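2 protein chains.
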Amino acid sequence: MHIHSTTSETPVQLERSELHPALGDSLMEAMSFLNEVMDRHPRAISFAPGAPFAGFFEQFDVPACLARYSRYLAEDKGMSQDQIRKRLYQYGPSKGIINDLLAQSLRIDEGIQVPPEAVVVTAGCQEALLLAIRALCSSPRDRLAVINPCFVGIAGAARVLDIDVVAIEESASGIDWFGLVNACRSARAQGKRIRALYVAPDFSNPSGNLLDLASRRRLLALAEAEDFLLLEDNAYAFTAGAAAALPSLKALDRNGRVIYLGTCAKTCLPGVRIGYAVADQLVTGGRQGVRLLADELAALKSMVTVNTAPICQAIVGGMLLEHGGSLAALSAGKAALYRNNLALLLEALDNHVGPLNGTGMVSWNTPQGGFFVRMRLPVEADAALLEYCAAEYGVLWTPMSSFHLNGGGRNELRLSCSYLTPDAIDEGIRRFAYFLRDPRVRDGQRQPVAAEKAEA
Amino acid sequence: MHIHSTTSETPVQLERSELHPALGDSLMEAMSFLNEVMDRHPRAISFAPGAPFAGFFEQFDVPACLARYSRYLAEDKGMSQDQIRKRLYQYGPSKGIINDLLAQSLRIDEGIQVPPEAVVVTAGCQEALLLAIRALCSSPRDRLAVINPCFVGIAGAARVLDIDVVAIEESASGIDWFGLVNACRSARAQGKRIRALYVAPDFSNPSGNLLDLASRRRLLALAEAEDFLLLEDNAYAFTAGAAAALPSLKALDRNGRVIYLGTCAKTCLPGVRIGYAVADQLVTGGRQGVRLLADELAALKSMVTVNTAPICQAIVGGMLLEHGGSLAALSAGKAALYRNNLALLLEALDNHVGPLNGTGMVSWNTPQGGFFVRMRLPVEADAALLEYCAAEYGVLWTPMSSFHLNGGGRNELRLSCSYLTPDAIDEGIRRFAYFLRDPRVRDGQRQPVAAEKAEA
Chain A
1 MHIHSTTSET
11 PVQLERSELH
21 PALGDSLMEA
31 MSFLNEVMDR
41 HPRAISFAPG
51 APFAGFFEQF
61 DVPACLARYS
71 RYLAEDKGMS
81 QDQIRKRLYQ
91 YGPSKGIIND
101 LLAQSLRIDE
111 GIQVPPEAVV
121 VTAGCQEALL
131 LAIRALCSSP
141 RDRLAVINPC
151 FVGIAGAARV
161 LDIDVVAIEE
171 SASGIDWFGL
181 VNACRSARAQ
191 GKRIRALYVA
201 PDFSNPSGNL
211 LDLASRRRLL
221 ALAEAEDFLL
231 LEDNAYAFTA
241 GAAAALPSLK
251 ALDRNGRVIY
261 LGTCAKTCLP
271 GVRIGYAVAD
281 QLVTGGRQGV
291 RLLADELAAL
301 KSMVTVNTAP
311 ICQAIVGGML
321 LEHGGSLAAL
331 SAGKAALYRN
341 NLALLLEALD
351 NHVGPLNGTG
361 MVSWNTPQGG
371 FFVRMRLPVE
381 ADAALLEYCA
391 AEYGVLWTPM
401 SSFHLNGGGR
411 NELRLSCSYL
421 TPDAIDEGIR
431 RFAYFLRDPR
441 VRDGQRQPVA
451 AEKAEA
Chain B
1 MHIHSTTSET
11 PVQLERSELH
21 PALGDSLMEA
31 MSFLNEVMDR
41 HPRAISFAPG
51 APFAGFFEQF
61 DVPACLARYS
71 RYLAEDKGMS
81 QDQIRKRLYQ
91 YGPSKGIIND
101 LLAQSLRIDE
111 GIQVPPEAVV
121 VTAGCQEALL
131 LAIRALCSSP
141 RDRLAVINPC
151 FVGIAGAARV
161 LDIDVVAIEE
171 SASGIDWFGL
181 VNACRSARAQ
191 GKRIRALYVA
201 PDFSNPSGNL
211 LDLASRRRLL
221 ALAEAEDFLL
231 LEDNAYAFTA
241 GAAAALPSLK
251 ALDRNGRVIY
261 LGTCAKTCLP
271 GVRIGYAVAD
281 QLVTGGRQGV
291 RLLADELAAL
301 KSMVTVNTAP
311 ICQAIVGGML
321 LEHGGSLAAL
331 SAGKAALYRN
341 NLALLLEALD
351 NHVGPLNGTG
361 MVSWNTPQGG
371 FFVRMRLPVE
381 ADAALLEYCA
391 AEYGVLWTPM
401 SSFHLNGGGR
411 NELRLSCSYL
421 TPDAIDEGIR
431 RFAYFLRDPR
441 VRDGQRQPVA
451 AEKAEA
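Those protein sequence lines, which keep their order, are chains A and B. This note's numbering puts the first residue of the first sequence at 1, with every later residue one more than the last. This note's numbering puts the first residue of the second sequence at 1, with every later residue one more than the last.
These aren't lab readings, by the way, just hints derived from the structure by calculation. Don't take each hint at face value.
[As the list claims (entries may be wrong)] Incomplete in silico selection of chain B near chain A, CB under 10 angstroms:
{"#": "1", "residue": "13"}
{"#": "2", "residue": "15"}
{"#": "3", "residue": "56"}
{"#": "4", "residue": "75"}
{"#": "5", "residue": "76"}
{"#": "6", "residue": "78"}
{"#": "7", "residue": "79"}
{"#": "8", "residue": "81"}
{"#": "9", "residue": "93"}
{"#": "10", "residue": "138"}
{"#": "11", "residue": "155"}
{"#": "12", "residue": "270"}
{"#": "13", "residue": "283"}
{"#": "14", "residue": "359"}
Treat the numbers as computed from the prediction; the structure is a model and nothing was measured. Where a beta carbon is used, it is the ideal one built from N, C-alpha and C, also for glycine.
Bound conformation, chain A alone (with noise of 0.2 angstroms):
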């Protein structure tokens, strides 16, 4: 980066090994060096990125969600149009402005009972999860358990609270129930705890995962068991469309222990970072009296950002209300054409590279929903091969190993099919089928990628 001249005449450099130790870590760099590969290749056909497909913006319309989110604030609340405006365009709540709605949807759509004084509107899902962390994690005694490989935006918010993360592995059945169990054990053993787990049961990212129905049961059981909480997060569920969805942990959970953390990127809009955390949780103790965890993540809230822009709340509540109050209704058709993509992806690699598979050369899982294919190479999938990849075939695709915790998924990587029309996918995978043929990654040549990694 060319860096401009400044105000400054001598100044002052700071050494990044006195930043915090977050800004050091490999997963941010990791981030950061799959930001500039695709900067560098935008011609590219990407299946990296797990953003929405942008062809639904086209029908999206600011002025009119907003406007009928405001005729809601007038004719069913009867509000006046200098309270409408202050509700729009003045700091609000913490706790958010749509929350009625969400609660709403939540109810019609997951049968999830809570009242809206049990759900925080936050600045993306990603800072419902940073809420959440902080708010349980009290002290270096607490740990945060993922499921590995993880979402990178969990393992990120608890490095910068410093929050211990234990890694629990992936299998066959969904999570390696042993390890779990041995975790709690063992952190209570060190007169520690595991104080929640972070699972994303629908579809995970990266590993397209799906738990099954007696898998939610067993892990809602375990969490009782072990005393532990699970903050689930949703954000590819809607894409099973409503026929095929299993119930979410939250709408399993008896005794409260589920923290449910939404999205409206996927279902409404990226544009509006709107997120929010459902904490039905009774807080006991202290000079308070008893109040909904909601109301401890909202006063977090409060010195993190305040509120949430209540413009943005305002632009999806006008969609849920023009969608009888349904996510689902909203979101149905991106959920078909995610569901169509999956399939084109899947039925490409089929085409493709379908005589590489079962040979012990590559292999893929083949999820029912999400966004995400996870394939093993024969060599290893990192940011070198990438490069080659991308500049000599001509597609992109993530590195598994940026998920992974425990320096594992080397040799792996991750296919994204929301973010690609059709024919897109198709080309992209006909020039992947080459890529995966080139002698690179056929005969597992680890020399010439590793000297090219030295050069990058």
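Here the structure of chain A is known, so what remains is to put chain B in place on it, guided by the hints.
Structure of chain B alone, referenced to chain A:
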């Protein structure tokens, strides 16, 4: 609060003592109590909130702002309609999308020369504060100094991040210089360090204090001599008006000692939640090579809120473009209104409370800008007295003790002029003058107030 029924049959109860200690903090309790008092007295004339005057909202036009920014992207940046939609509606860079416009406004309005790359757009100034102290305070060794009394947002962010705070007292000349130097040296003697000082040199919240030019230069020299950074909160500087404004610390900074923290809440609109940090310091060491501190703040932001809602950034961008790129031009009308309100507030105090001034009974300061006047009473200005004032006289204010870190300010209150019409200011102070003549205040009768508190 009434807690509705939930899905829980035997719900887990969380102990407040096992949540993060920031949540048991007296600061959080005080803010939450204050909100409750205001909710209970919606018809009282409120000198409590520092929120902007709602009359400005009438002129505000979201679609026009978005259209103006979109035209800029099309005409000046040559972007297609597809590219513009992606810019506004898709995920975007953690650093922001209107960095060029904010850098331009800093140049036009304040003579601050920084490249757009040194600006990070944040979810309100609160997030900018949080990111700055998180980046700088790398271990328990690092302490944050603040001018006491201070903005609750900075104290709160430090508590959320478990950062130790050192209070430096305000003085007649602005800052207790001896106390500041002493804090640096005493930290060093303990193997610790003052890493940064948070300061609002222009009409600070809550005191309305202004640092004169000599004090600004002295502070910069001291930061260099004692090797700490300055976090300059600029929220109220615009109220001075272009002619009377003193140069910001950042404009005077020749050694890269200042991280400048800006907010668009007061100059543009609270409802967009747009703030920004200017961090042009160079960071060296590690594997990433030389980068700007702004890059590190953006990396942290990716783990806190990912990116700031681009729709909200576009609204601010459109407002800036409509005013020649100048925040000062954009906010000139607002600044004039606030100056007028402050003059009216001080005049009303003279008219209605004047006879009490100088008797040793009450006293107040006379700031030349900002939103706030500080007043000292002969009795404790606590929550119980506030409740009494609201119930009996229909007037609200803010106890200053909430802003004091060392138990000080117990007899002080803050009056804000930003939220009210001229008529309400005069009527409110007229009522307030009666309150000041109430025996509870005039005679400093502590007993009944304490009894009231026990009941509250």
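Outcome of the hint check:
Annotation: residue 13(B) was flagged as interfacial toward chain A, and the flag holds, the nearest CB pair being 5 angstroms apart, inside 10 angstroms. Given hint, residue 15(B) at the interface with chain A, holds; its Cβ is 5 angstroms from that chain's nearest Cβ, closer than 10 angstroms. A distance limit of 10 angstroms between C-beta atoms decides the matter here; for residue 56(B) the minimum to chain A is near 8 angstroms, and the interface restraint holds. Among the interface hints, the one on residue 75(B) is violated; its C-beta lies about 20 angstroms from the nearest C-beta in chain A, farther than the 10 angstroms criterion.
The interface hint given for residue 76(B) is violated, since its Cβ lies 19 angstroms from the closest Cβ of chain A, which is over the 10 angstroms cut-off. Residue-level restraint check for residue 78(B) is violated (minimum Cβ-Cβ distance to chain A is 15 angstroms; threshold 10 angstroms). Hint status for residue 79(B): violated, given a least beta-carbon distance of 13 angstroms to chain A, over 10 angstroms. The beta carbon of residue 81(B) comes within 9 angstroms of a beta carbon in chain A, closer than 10 angstroms, and the hint placing it at the interface holds.
At about 8 angstroms, the closest approach between the beta carbon of residue 93(B) and any beta carbon in chain A falls short of 10 angstroms, and the interface hint on this residue holds. A cut of 10 angstroms between beta carbons decides the hint on residue 138(B): the least distance to chain A is about 5 angstroms, and the hint holds. A hinted interface residue such as residue 155(B) counts as satisfied when its beta carbon comes closer than 10 angstroms to some beta carbon of chain A; here the least separation is about 9 angstroms, so the hint holds. At about 5 angstroms, the closest approach between the beta carbon of residue 270(B) and any beta carbon in chain A falls short of 10 angstroms, and the interface hint on this residue holds.
With a least beta-carbon distance of about 5 angstroms to chain A, the hint placing residue 283(B) at the interface is held under the 10 angstroms criterion. For residue 359(B), the suggested interface contact is broken, since its CB lies about 37 angstroms from the closest CB of chain A, more than 10 angstroms.
The structure fails hints 4, 5, 6, 7 and 14 (numbered hints given earlier, in ascending order).
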